[in-house]
Amino acid sequence: MRVRFTPYGITREITGGVTEIELQDNSVGKLRQTLSETYPAMRALSSLMIAVNQEYAPDDKVIQPGDDVALIPPVSGG
Amino acid sequence: MGTLIESSTITQITSDMIKITEKPIDIPKVIETASSLGAGAVNVFIGTVRNTAHNKNVVWLEYEAYEGMAVSETRKIIDDAAHRWPLLGWAVSHRVGTLKPGEVAVVVAVSTKHRKESFEACQFIIDKLKENVPIFKKEVFEDGEEWVGASPKSPASAQLN
Chain A
1 MRVRFTPYGI TREITGGVTE IELQDNSVGK LRQTLSETYP AMRALSSLMI AVNQEYAPDD
61 KVIQPGDDVA LIPPVSGG
Chain B
79 MGTLIESSTI TQITSDMIKI TEKPIDIPKV IETASSLGAG AVNVFIGTVR NTAHNKNVVW
139 LEYEAYEGMA VSETRKIIDD AAHRWPLLGW AVSHRVGTLK PGEVAVVVAV STKHRKESFE
199 ACQFIIDKLK ENVPIFKKEV FEDGEEWVGA SPKSPASAQL N
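So the sequence lines, in the order shown, correspond to chains A and B.
When you line the first sequence up against the numbering used here, it's residues 1 to 78, in that order.
When you line the second sequence up against the numbering used here, it's residues 79 to 239, in that order.
Simulated from the structure, these hints should not be mistaken for laboratory data.
On a predicted model such as this, the values are computed, not experimentally measured, just so you know.
The beta carbon of each residue, even a glycine, is placed where N, CA and C say it ideally should be.
Watch out, some of these pointers could steer you wrong.
To give an idea of the interface, some chain B residues facing chain A are shown, with a C-beta separation under 8 Å as derived from the structure [to be verified]:
| id | residue |
| --- | --- |
| 1 | G118 |
| 2 | V122 |
| 3 | Y144 |
| 4 | G146 |
| 5 | M147 |
| 6 | L177 |
| 7 | E181 |
| 8 | K191 |
| 9 | H192 |
| 10 | K208 |
| 11 | P212 |
| 12 | P230 |
Just need the whole structure built from these sequences, with the hints factored in.
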């Protein structure tokens, strides 16, 4: 399945404007793994959270077509 | 129906109470939003842009937010705080965009009956905001730039700020 995502902060620079990726299975864990394989710089991050529909999602969360998927690198507000 | 107050959670929320804004933060407005006639204390935290990081001069900071989720995560923190302390009012504003040293990046204001819980609640909210709310900051120096906390090798992530 093809998943669309919105990369924030440094993940937008790492993906270079790409906002879609092909996954073998549509879990958050698979998305995280595929991103790390496709973009080695992702592995150097302190953390990478995936949000689905504006909620931090665990690796076993299944991504449905139309879900709002976002890449959340380490946050640094304040 | 008929259950206006189910718990200590503050159930009514207006757009002034959680704001992500490109414009300079209106600090008196944030305080006014948080204020309550029943309060004996209004505690305000103002986070500003520091002019140095890692012994280098900061030229400017770039803040960006995942706005919808930043609002919903802030709301969760407020709900949590409202269960721990008897909040009478509150407001949180965070700026996004390009900010120079000295500019205000974030304002948290809470009002409570007595001062002790106002200090505790205000600190809790800003600490949790820094941990959980999807806002991202890039420091721009004279000789380069760095996303704060992004890399475990960077000095920034060791700061735990």
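Query raised in the report: Of the hints stated earlier, which fail here?
Result: Structure breaks hints 1, 2, 6, 7, 8, 9.
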